[in-house]
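Student: Sequences listed follow chains P and R, in order. Anchor point for the first sequence: position 79 equals 79 in our numbering, and the numbering is continuous, going up by one each time. Anchor point for the second sequence: position 50 equals 50 in our numbering, and the numbering is continuous, going up by one each time.
Derived by calculation from the structure, the hints in this document are not laboratory data. Just so you know, these numbers come straight off a predicted model, no measurement behind them. Check before you lean on any hint, since a few could be wrong.
[Claimed, not checked] Per the computed footprint, the stretches of chain P lying under chain R, defined by three or more beta-carbons under 8 angstroms from a beta-carbon of chain R, are:
id, region
1, 55-68
2, 123-136
3, 149-158
Just so it is clear, CB atoms sit at the ideal spot from N, CA and C, and this is done for glycine as well.
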Amino acid sequence: MGEIVFIALAVGTTVGAGVVAFSKNIVYSAFALLLSFFCVAGLYVFLAADFVAATQVIVYIGGILVLILFGVMLTEKIEKVNISNQALKPFRAWILLIVSGGILIAAIVKTNWITKAPLPPTPTTGELGNAFLTRYLLPFEIASVLLLVALIGAIIAGRKEVRRK
Amino acid sequence: MISLQTYLIIGAILLVLGIYTVVSRRNAVGILMGVELILNSAGLNFVAVSRFVELSIDGQVFTIFIIVLAASEAAVALGIILSYFQTYASVYADRADSLRR
Numbered sequence: 001m002g003e004i005v006f007i008a009l010a011v012g013t014t015v016g017a018g019v020v021a022f023s024k025n026i027v028y029s030a031f032a033l034l035l036s037f038f039c040v041a042g043l044y045v046f047l048a049a050d051f052v053a054a055t056q057v058i059v060y061i062g063g064i065l066v067l068i069l070f071g072v073m074l075t076e077k078i079e080k081v082n083i084s085n086q087a088l089k090p091f092r093a094w095i096l097l098i099v100s101g102g103i104l105i106a107a108i109v110k111t112n113w114i115t116k117a118p119l120p121p122t123p124t125t126g127e128l129g130n131a132f133l134t135r136y137l138l139p140f141e142i143a144s145v146l147l148l149v150a151l152i153g154a155i156i157a158g159r160k161e162v163r164r165k
Numbered sequence: 001m002i003s004l005q006t007y008l009i010i011g012a013i014l015l016v017l018g019i020y021t022v023v024s025r026r027n028a029v030g031i032l033m034g035v036e037l038i039l040n041s042a043g044l045n046f047v048a049v050s051r052f053v054e055l056s057i058d059g060q061v062f063t064i065f066i067i068v069l070a071a072s073e074a075a076v077a078l079g080i081i082l083s084y085f086q087t088y089a090s091v092y093a094d095r096a097d098s099l100r101r
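One chain only, chain P, in its complex shape:
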């Protein structure tokens, strides 16, 4: 049962990413990205990372994907949306895809990975909270400042320019 769900999640992740990469319609790409993000959240559950899976659903699907859909709707005229995501020089990109993908997958398969038996899944939220407030306190604070800077920067970059005469 677990294996079947895992295979479905893996197939959903790769198929979603494939549609994002190859679809000519950017609305299809955006919704395929939704499928891919959701299946990655499922893979996080298989990896016993419950908090990360919830964060993936909340931030990626609830935040980033809605932002991207807004970007699509605000910038694309609806009558030409079916050719809205053309590829530019796809032949070179195909060469890059095949070469880099082949090297990566060959390296992953050929390497003798030294793995340990994974621990049984436990709730990770408390451990993550401890890690954020002890070992990773400085990166945590820097991430908060970065979020504030990104918030202000996005507002300034996205607002309408008002010129004084």
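Keeping the supplied structure of chain P fixed, place chain R upon it in accordance with the hints.
Tutor: What follows is chain R alone, placed relative to chain P:
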């Protein structure tokens, strides 16, 4: 039993498709989607390695930082894309070359 290699191969496929998207798309929003795929693959690799090799929580901490970075990056990138669209009425990345001319 699902091995580490399976997760790493899924991450590699996501990374490669993300790179293809970034390299080949004309639409700037499409390029942004490719960047999100790449960041997702990095996060998946971090969690997988921390579960099978390190047996600790550190990889999950890094994945959460990646998600934070992806959120702020998406917000700023969409702000830039929208203001570019207001000025030039196009979102095609190959037309954004007014600094070169």
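Student: Checking each numbered hint in turn, tell me which of them this model violates, lowest number first.
Tutor: none
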